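Undergrad: Here are the chains, one letter per residue:
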Amino acid sequence: MHVKPSRMTLLRAFAAAGLTFLAAGANATEVNLYTTREPKLIQPLLDDFTQDTGIKVNTVFIKDGLLERVKAEGEKSPADVLMAVDIGNLVDLVQGGVTQAVSSKTLEDVIPANLRDPEGQWYALSLRDRIAYVAKDLDINTLTYESFADPKWKGKVCIRSGQHPYNTGLISAMIAHDGLEATEKWLRGVKANLARKAAGGDRDVARDILGGICDVGIANAYYVGHMKNAQPGTDARKWGDAIKVIRPTFQNGKSRGTHVNISGASVAKHAPHKAEAIQLLEYLVSEKAQSKYANANYEYPVRAGVKLDPVVASFGPLVVDPLPLAEIAKNRKLASQLVDKVGFDN
Amino acid sequence: MASTTEPLPLQASHSGTQRPRPWLEAGWGWRAGAALIAICVAAPVATLVWLAGMGDAGHWSHLIRYVLPEALTNTILLLAGVGVLVASLGTGAAWLVTAYTFPTSRILSWALLLPLAVPTYIVAFAYLDVLHPIGPVQSLIRNLLGYASPRDFRLPDLRSMTGAIFLLGFVLYPYVYLSTRVMFATQAANLIEAGRILGLSSRGVFLRVALPLARPAIIVGLSLALLETLNDIGASEFLGVQTLTVSIYSTWITRSDLAGAAQIALAMLGLVVVLIMAERRGRRRQRYSNTQRMRPMQARRLEGGPALLAMALGWLPIVVGFVVPVMYLASETAKHLHLTGGVSEQLWQSGLNTVRISLLATIVVVLCGLIVTWAARGARPGRPARIAGLCARASTMGYALPGTVLAIALLTPINGLDHALSWLRQSLTGMSPGLILMGSSTALIAAYTIRFLAISIGSLESGLARIPPSLEQASRLLGESPTGTFRRVHLPLLRPAIGASALLVFVDTMKELPATLLLRPVNFDTLATWLYAEAARGTYEEGAVAALAIVLAGLLPVILLARHQLKSGH
Chain F
1 MHVKPSRMTL LRAFAAAGLT FLAAGANATE VNLYTTREPK LIQPLLDDFT QDTGIKVNTV
61 FIKDGLLERV KAEGEKSPAD VLMAVDIGNL VDLVQGGVTQ AVSSKTLEDV IPANLRDPEG
121 QWYALSLRDR IAYVAKDLDI NTLTYESFAD PKWKGKVCIR SGQHPYNTGL ISAMIAHDGL
181 EATEKWLRGV KANLARKAAG GDRDVARDIL GGICDVGIAN AYYVGHMKNA QPGTDARKWG
241 DAIKVIRPTF QNGKSRGTHV NISGASVAKH APHKAEAIQL LEYLVSEKAQ SKYANANYEY
301 PVRAGVKLDP VVASFGPLVV DPLPLAEIAK NRKLASQLVD KVGFDN
Chain Y
1 MASTTEPLPL QASHSGTQRP RPWLEAGWGW RAGAALIAIC VAAPVATLVW LAGMGDAGHW
61 SHLIRYVLPE ALTNTILLLA GVGVLVASLG TGAAWLVTAY TFPTSRILSW ALLLPLAVPT
121 YIVAFAYLDV LHPIGPVQSL IRNLLGYASP RDFRLPDLRS MTGAIFLLGF VLYPYVYLST
181 RVMFATQAAN LIEAGRILGL SSRGVFLRVA LPLARPAIIV GLSLALLETL NDIGASEFLG
241 VQTLTVSIYS TWITRSDLAG AAQIALAMLG LVVVLIMAER RGRRRQRYSN TQRMRPMQAR
301 RLEGGPALLA MALGWLPIVV GFVVPVMYLA SETAKHLHLT GGVSEQLWQS GLNTVRISLL
361 ATIVVVLCGL IVTWAARGAR PGRPARIAGL CARASTMGYA LPGTVLAIAL LTPINGLDHA
421 LSWLRQSLTG MSPGLILMGS STALIAAYTI RFLAISIGSL ESGLARIPPS LEQASRLLGE
481 SPTGTFRRVH LPLLRPAIGA SALLVFVDTM KELPATLLLR PVNFDTLATW LYAEAARGTY
541 EEGAVAALAI VLAGLLPVIL LARHQLKSGH
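Listed in order, the protein sequences are those of chains F and Y. For the first sequence, the numbering used here assigns the number 1 to the initial residue and increments by one for each residue that follows. For the second sequence, the numbering used here assigns the number 1 to the initial residue and increments by one for each residue that follows.
Bear in mind the hints are in silico, worked out from the structure with no lab data behind them. The structure displayed is predicted, hence computed values, not measured ones. Glycine included, every Cβ here is placed at the ideal spot set by N, Cα and C. Don't take every hint at face value.
As the list claims (entries may be wrong) - Heads up, simulated DSSO-like pairs for lysine-lysine below, C-alpha to C-alpha not over 30 Å straight-line: (1) F:Lys-292 <-> F:Lys-244; (2) F:Lys-333 <-> F:Lys-288; (3) F:Lys-40 <-> F:Lys-63; (4) F:Lys-105 <-> F:Lys-154; (5) F:Lys-292 <-> Y:Lys-335; (6) F:Lys-152 <-> F:Lys-136; (7) F:Lys-76 <-> F:Lys-56; (8) F:Lys-56 <-> F:Lys-238; (9) F:Lys-71 <-> F:Lys-330; (10) F:Lys-244 <-> F:Lys-288; (11) F:Lys-136 <-> Y:Lys-335; (12) F:Lys-136 <-> F:Lys-63; (13) Y:Lys-335 <-> F:Lys-154; (14) F:Lys-307 <-> F:Lys-244; (15) F:Lys-274 <-> F:Lys-191; (16) Y:Lys-335 <-> F:Lys-244; (17) Y:Lys-335 <-> F:Lys-40; (18) Y:Lys-335 <-> F:Lys-152.
As the list claims (entries may be wrong) - If you want the footprint, here are the derived chain F segments under chain Y, 3+ residues with CB under 8 Å: (19) 209-221; (20) 277-289; (21) 327-339.
Between the sequences and the hints, there should be enough to build the whole structure, so can you do that?
TA: Structure representation (structure tokens):
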């Protein structure tokens with residue numbers, strides 16, 4: 001059967017479409033960053049890095065499926081640094097076998113031992129404490145995480161989906177502290193107190209407090225930095241101004257600290273630019289970069305002695321729950337199942 | 001709504017007793033092409049099966065006890081609610097502008113498509129703000145009623161099942177409107193006029209003639225709208241509705257159980273396939289082609305009260321699904337520009353990327369759609385073309401999977417191919433290249449094609465179905481070859497359907513988020529990923545700029561689509 005023009009046209013169009021953007025080859029002085037953390041806030045840091053070292057940073061922001069993508073790309077993967085915003089995610093990357101252990105004196109000196117993997121598979125870059133947003137005129141100054149289940153808050157509590165990693169992290173910590181049974185009871189109590197569906201984002205807690213939907217809520221601290229530092233007159237600023245911050249602690253005697261999750265990074269197993277990757281990590285914990293984390297992102301620095309943003313400093317000193325992060329990562333599945341079991345998001 | 005109808009006279013004259021002649025079947029080249037396309041679409045499903053097989057069934061007891069009852073109920077409620085809403089809004093609006101003329105009815109006939117340009121996640125995000133206790137609507141109501149603080153008076157929260165049905169219904173109805181409008185405008189005239197002459201009331205004409213006639217068109221639009229609802233994650237997440245898709249996510253993301261997520265996704269896909277097959281079976285004996293010259297029906301002029309009512313009814317879906325969210329985005333954008341004095345370079349670049357990649361993907365999708373539908377026409381059990389018919393059904397599976405699940409499932413086959421290509425190039429040239437498909441936008445185009453092929457197949461199939469077989473028979477009897485017949489008879493007649501499917505695919509590609517997010521190369525953003533990034537770091541104000549850009553970029557194709565449909569309707 002001979003080929004008629006129309007079919008040729010189809011075939012040609014196919015070939016043309018298929019071969020259109022073909023990528024250029026690799027560059028020696030670059031480093032590829034795959035991140036589940038939205039990169040724009042750390043872009044100034046990456047730009048500084050490029051300026052100081054001449055190493056270009058290529059980024060791709062991937063929300064879900066970072067592990068699956070790097071796994072599928074296999075040994076040809078261009079990924080050098082894998083960045084994630086939840087300890088569970090980082091541990092998943094390690095267990096998925098897409099990271100490698102790296103050692104660096106700088107990283108080990110700067111980052112406290114409980115905030116990095118003993119083998120060097122992952123390193124924390126910043127801390128994110130999960131705190132209470134409270135209506136400004138409410139006359140309370142201390143809270144425990146457990147007290148969010150107190151019936152006095154009935155119809156007054158706002159929080160995002162229980163399945164969100166920030167919340168499963170908190171629930172995991174609760175399981176480690178108080179046990180599975182007590183945590184289930186607590187979660188049912190919080191569920192009964194919810195003013196609205198467990199949905200949306202952390203900033204919605206502040207917005208809903210301003211909107212009179214709730215009085216208290218649980219959310220991450222750096223959003224408060226963003227909101228309270230926003231330009232006057234913007235919505236974000238109004239939300240931020242409607243709340244005050246209390247850093248809750250766990251009730252039990254062992255811990256007097258606040259639950260903290262991390263943003264962190266690993267070097268990819270098949271990193272084509274391993275040296276540059278380590279260089280980038282070292283840069284990210286430098287005085288300069290950590291100060292930017294604290295003052296542009298309002299995250300808590302992992303490096304000691306970095307000056308905080310005034311808003312964040314006003315929350316008082318952060319006492320970190322001494323529970324090891326690995327413990328939190330371990331209970332994550334149990335936590336997620338509990339959320340289903342009590343129908344927290346329904 | 002899917003009532004079994006008595007065959008109409010027109011259907012009877014071409015009914016199923018008349019089997020297509022063998023020459024109506026496409027050549028082997030077409031069928032091979034269709035098979036290849038079907039294999040590509042099936043590849044991610046095969047990956048899912050493989051992934052599902054890696055896990056054990058241990059988590060099912062947890063799912064069955066705590067997750068599925070609620071998720072299934074929610075999903076069914078959401079689908080039923082959205083289904084009823086889009087079917088009635090879409091069909092009702094199409095009938096309104098076809099059967100009647102009233103002030104603004106001509107504008108309405110294209111403006112009713114505008115909500116297509118607004119992605120569901122943007123609508124949810126806009127309305128959460130507009131209807132929030134501190135938003136403009138409730139503030140106004142409080143002012144009017146004399147309440148000082150939202151603590152004293154609030155409307156019910158939008159984050160609910162009702163809210164989700166309402167929002168999704170008002171942005172997804174254009175799928176039904178589009179297909180039924182074309183049907184009413186081109187097909188219904190004779191029968192409706194016959195109905196009128198025989199003494200049916202307006203209501204009777206609508207219920208007993210127009211509606212049964214429009215059933216395939218309603219189904220085509222409805223299935224697109226419902227699949228979009230089923231696979232929605234953005235709006236459901238915003239509105240706190242726990243659907244099956246949401247449970248797939250938490251199984252995969254929070255419990256790191258990809259195998260379990262694949263199992264649920266497959267079960268869901270199975271359900272969709274069964275429903276679609278049941279529907280096709282239900283109308284397999286009906287044929288809807290019409291040999292008479294296509295012409296629009298005579299519309300009735302409305303005046304006074306009825307005209308006002310018609311205007312109100314016609315404009316309502318546009319106001320809710322388009323005007324309000326766009327005005328909101330525009331005012332947020334204006335506020336942002338006022339503060340920052342401009343938009344960033346990246347936004348322009350993202351816009352350019354979006355248009356370029358959407359155009360490319362559209363071309364590929366429509367070409368694939370043509371191959372598949374042409375190969376499958378005349379498919380009947382027991383004939384060789386039946387395989388091509390199966391290929392056509394298989395080729396629509398991509399749309400029945402949630403975007404991220406599809407993207408995850410594509411990672412394995414695309415990277416497999418990529419490694420093979422890289423190996424090939426290395427052994428030919430000695431150079432060791434990186435990953436070509438993943439390193440370029442080719443992987444994205446493949447993903448869009450697999451995802452949106454259903455849209456082009458749906459509209460091309462219904463376009464082909466409207467071309468009477470007698471035309472092809474005549475062309476063949478006059479000595480034209482099959483391919484020549486395709487080129488000289490069908491392609492020109494299919495032009496409206498090709499145009500419509502191209503525009504729909506373009507708009508959908510532009511709005512696509514999850515697959516783009518996962519499969520794009522480094523340093524590559526589209527408007528949707530840009531918006532998502534803004535939302536992810538909680539700077540919604542800048543998100544509004546990107547959202548508005550997505551809507552604006554989608555506006556031109558939607559208006560083109562509308563004009564196009566309008567023209568083909570006259």
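Undergrad: Look at each hint and say if it fits the structure.
TA: Going down the list of hints, with the structure as the test:
1. For a cut-off of 30 Å, the pair hint linking Lys-292 (chain F) to Lys-244 (chain F) stands: about 24 Å separates their Cα positions.
2. Taking the CA atoms of Lys-333 (chain F) and Lys-288 (chain F), the gap is about 37 Å. The hint is violated against a cut of 30 Å.
3. Taken as a hint, the Lys-40 (chain F) and Lys-63 (chain F) pair is honoured in the structure, with Cα atoms around 14 Å apart against an allowance of 30 Å.
4. A distance of roughly 51 Å separates the Cα atoms of Lys-105 (chain F) and Lys-154 (chain F); the hinted pair therefore is violated under the 30 Å criterion.
5. Taking the CA atoms of Lys-292 (chain F) and Lys-335 (chain Y), the gap is about 27 Å. The hint holds against a cut of 30 Å.
6. Proposed proximity of Lys-152 (chain F) and Lys-136 (chain F) is supported: the alpha carbons are some 18 Å apart, at most 30 Å.
7. A distance of roughly 20 Å separates the Cα atoms of Lys-76 (chain F) and Lys-56 (chain F); the hinted pair therefore holds under the 30 Å criterion.
8. Note on Lys-56 (chain F) and Lys-238 (chain F): the hinted pairing is violated, with a Cα-Cα distance of about 38 Å set against a maximum of 30 Å.
9. Only pairs whose Cα atoms come within 30 Å are accepted, and Lys-71 (chain F) paired with Lys-330 (chain F) is accepted, the gap being roughly 22 Å.
10. Between Lys-244 (chain F) and Lys-288 (chain F) the CA atoms are separated by roughly 29 Å; this keeps the pair inside 30 Å, and the hint holds.
11. For the hint pairing Lys-136 (chain F) with Lys-335 (chain Y), the CA-to-CA distance comes to about 26 Å; that is within 30 Å, so the pair holds.
12. A distance of roughly 34 Å separates the Cα atoms of Lys-136 (chain F) and Lys-63 (chain F); the hinted pair therefore is violated under the 30 Å criterion.
13. Simply put, Lys-335 (chain Y) and Lys-154 (chain F) have alpha-carbon atoms about 37 Å apart, too far for the 30 Å limit, and the pair is violated.
14. Only pairs whose Cα atoms come within 30 Å are accepted, and Lys-307 (chain F) paired with Lys-244 (chain F) is accepted, the gap being roughly 21 Å.
15. For the proposed pair Lys-274 (chain F) and Lys-191 (chain F), the alpha carbon gap of about 46 Å is over 30 Å, so the pair is violated.
16. Taken as a hint, the Lys-335 (chain Y) and Lys-244 (chain F) pair is honoured in the structure, with Cα atoms around 26 Å apart against an allowance of 30 Å.
17. Taking the CA atoms of Lys-335 (chain Y) and Lys-40 (chain F), the gap is near 21 Å; set against the 30 Å cutoff, the hint holds.
18. With a C-alpha separation of about 40 Å, the suggested pairing of Lys-335 (chain Y) with Lys-152 (chain F) is violated against the 30 Å cut-off.
19. Only when three residues or more bring their CB closer than 8 Å to a CB of chain Y does the claim for the segment 209-221 of chain F stand; here the count is 4, and the claim holds.
20. As drawn, the segment 277-289 of chain F meets chain Y at 0 residues by the rule of a beta-carbon pair under 8 Å; below three, the given contact is violated.
21. By the rule of at least three residues with a Cβ nearer than 8 Å to a Cβ of chain Y, the coverage given for the segment 327-339 of chain F holds, with 5 such residues.
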